[in-house]
Amino acid sequence: MRVVEKTQLMSATEIDRTLQRVAHEIVERSGGTVHLALIGVRRRGVPLAQRIARAMRAIDGVDVPVGTLDITLYRDDLSMVAAQPVLQSSEIPFSVDDKDLILVDDVLYTGRTIRAAMNGLFDLGRPRRVRLCVLIDRGHRELPIEAAFIGRTVQTGDMEIIEVRLNEIDQEERVMLVERVP
Amino acid sequence: MLLLKGGRLIDPASGTDAPRDVLIEGERITAVELPGKISARKGEVQELDVAGLIVAPGFIDMHCHLREPGGENSETIETGTRAAARGGFTAVCPMPNTRPVHDNASVTRSILERAQSAHTRVWPIGAASAGSRGEELAEIAAMQKSGVVAVSDDGHPIATAKLMRQVMDYCRSLGMPVIDHCEDVSLAAGASMREGPASIRTGIRGMPAAAETIGVGRDILMAELTGCRFHVAHLSARGSLEMVRVAKHKGLAVSCEVTPHHFTMIDEEVGYDTHRKMNPPLGSREDRDALIEGLADGTVDAIATDHAPHEPATKEVEFDRAPFGITGFETALGLALELVNAKKIGLARMVELFTVGPARVLGMQRKIAVGEPADITVFSTEHRWTYRAAESASKSRNTPFDGREFRGGPMATIVAGRVVYRR
Amino acid sequence: MIHPETSAAAEPRIAPEEIVPFRFNDLLAIEPLRADEITFLLDQAKPFQEIQRHPLKKLATLRGKTVGLAFFEPSTRTRISFSTAAARLGADTMQLQAESSSLQKGESLLDTVRTLDAMKPDCIVMRHRSSGAADFVARHLEIPVLNAGDGTHEHPTQALLDALTIRDRLGHLEGWNVSIIGDIVHSRVARSNIHLLSRFGCRITLCGPPMWVPPELEHLTSSGEPLRRVARVEEALDGADIVIVLRVQQERLHEPKLPLDEYVMLYQLTQDRLRLARPGALVLHPGPMIRGLEIDPAVADGPQSCVLEQVTNGLAVRMALLFLLIGHGGEAFPAKDPI
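Protein chains in written order, with the working numbering: chain S, 1 to 182; chain Y, 183 to 605; chain E, 606 to 944.
Bound-form chain S, shown alone (with noise of 0.2 Å):
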């Protein structure tokens, strides 16, 4: 089973005119921002969340917190998954307890990691509010989600996988569409 890549979907300058209009809606749809904190989800989710932030002071000058939120042991498919995921660990460095938080991941598929997300989340405490981010909506959802805040729908199809790469993490900067090649 080999991967092709088939065409770019973002370049660096889009992914980072959306993470810009991202933030403003995120600011707008907020109602106050004293309670708002970001929870990016491992591991792209992170630098995503940490861009976001710092768009948001620019913005605003409001100093929104961010945290980091590893699910790998929140996953439902550990049985079904032969590699074995190394921990990471999460650190958030704020009590959850009646904060509006934002989870952000980078990609939106079946829900799952969602799912998990939230269970973590909840193990900590009780937010008052959750509500999702993240740069790309694939469709195929097998769980009640939605996020609020989307950077860009993209219509796929199963053997389609979307890699998001990001500087901090793959040395380069860009959407692509992969498919799945028997």
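In short, the hints are calculated from the structure, not lab data. Given the structure is predicted, the values throughout are model-derived calculations rather than measurements. Do not rely on the hints blindly, as some may be mistaken.
[Claimed, not checked] Residues on chain E that point at chain Y, a partial pick, calculated with CB under 10 Å:
#, residue
1, Ser735
2, Ser736
3, Asp740
4, Phe741
5, Arg744
6, Gly756
7, Thr757
8, Glu759
9, Arg793
10, Gln876
11, Leu879
We put the beta carbon where it would ideally sit given N, CA and C, even for glycine.
Starting from the structure of chain S, add chains Y and E where the hints point.
Quick look at chains Y and E alone, frame taken from chain S:
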């Protein structure tokens, strides 16, 4: 009539190492001649072609366990001697730690009766003390009369110096040697291997080499006191060997044997493998090297296997709970030849260790000469073979040598003129 | 970027660099582990330390899995620690306890373990009084075996939790002066700690009554410098960064008993003696402590004592190990390479 043709005769008693043909009639050797010189009417004689092979006096294993009576799940006299014959042995000396303990003449007689179906000669060793309990003497004289060749409480040491003195006094007057499993029980209690870096690493309780050497020292002093012939069973430590050397130098009738596993393996190789657990345990590298030197220089009199069969289930347990002992008949010669091939001991010397060495300890002769009993071991120094435990004639499989490749091994074994084993 | 094989729509994906670098089949001993493998295990314990601080400590990660606890030696603390670790990960447990075990009725270890295995646990955590028992069981079972202490051989999770405690308090594991005090030759905790800390270049000093600290211990670690043995506890404490105090095991077969007053006089870790060590030196004890015997109560309760953190870290380490051993799918383990 059986004619052994084309072989190389190595007979330590006469110092012969030369090509010879050997003729056997009935149970005796009737001719030993230069090759081709023996003429016998065709049809009357069966020829055994032993070209390229060594023809030696029948090997003796003076220390083994046949488990019968009482332990027939692990071995019987028949299966044990069949394995011994496959190993090239023509005579074996089973130790008395059977159930019941072989400590009186009726057990001797019953053993010898079962030995009618044996594949080798059986020369039993009787207990030194009643039940080997270390309290009173066994019926030593009666056992000797019935066929016992030596006494021992093997399995554990003869309990006290005082008892050893009594046993030795008694045996000296009977002209029988005393064999001891030399061990200081207080140092050895609870131990499963040799105390040293290996036992420290694996966390197995060990006994120091001194546990054996203390026993050897005690027994040599008693031998000196009583004038009895004394033989150290399965000697394993350098310190013990040095004591035997000094005793021999003083002219005392002290002898010792070494097992093939003690001159082959060391404590570092044990790990948690119960097939490497025996008593005395495998020693250090220095011990092994010293034992090999002793085999070469004559301090060691005999190679004896201490063949100790155990049915598999008993060895499939945690290391410290497993019984001591491994089998040994079928691999002894192959392992001894490894020393010869590595030029650690000479071939003729090796033959001594299996023949005249043990014979002398037991007060017997072992030679190939006209009129002698036709007990002969034929072996190869070249034939490559692999030992497979699954094919062993023994009932038990507890060996560390499964799969080991050998160069040289037994080819034919003749007891009282009958070929009991042929490869 | 090539993605590993997963079911077609499975999500989230695991990138190759995120896969555990080596396969754990068993954890039997520290001795065969490399420094990087040990570091990896300690890193994997960190998220579980985190979880102990959550209001809700229970995860569903190992739901549906069963951990077999086969404790053939009586043990309260370690057994509870493993049992809690399993429970907090959402796993079920099967528990075998020495006192009520069929071993007392003569059943062999192998039969007992096979009976447990027939009830299909996903792994077995084992404590046994024979050195090599865990190795023995691992050779006979397909499922992973985790050694919770075998005879006097090793107690790997104890060394790992000690290392985690040291790393958290002092920042790293490399190059410390470590003194171990007590009955070392009979201590599986000492052996595991010696193997682990020497991997990181620590200088280890052993001290205790001479018959319990034999010369062979100096070469326990086949690599690096031989360990130092000293007779007097003052010498052992001088300049130490870390002090590991072992408990006095009073019931010993085949051993003459040591008068306990002698032990206290010669080896007890008192406040005065602790002052000989470096300021802020850590005091570790595997537990259970006998206050007033091997350790002065004031030291046990003092700021340098790490005993409570050791317990918490023990839970984290054990959760991490259970997760590593059974927290994934895949078919039965291929050719088993016990660690």
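Going through the numbered hints above, which ones does this structure break? Give me the numbers in ascending order.
10 and 11
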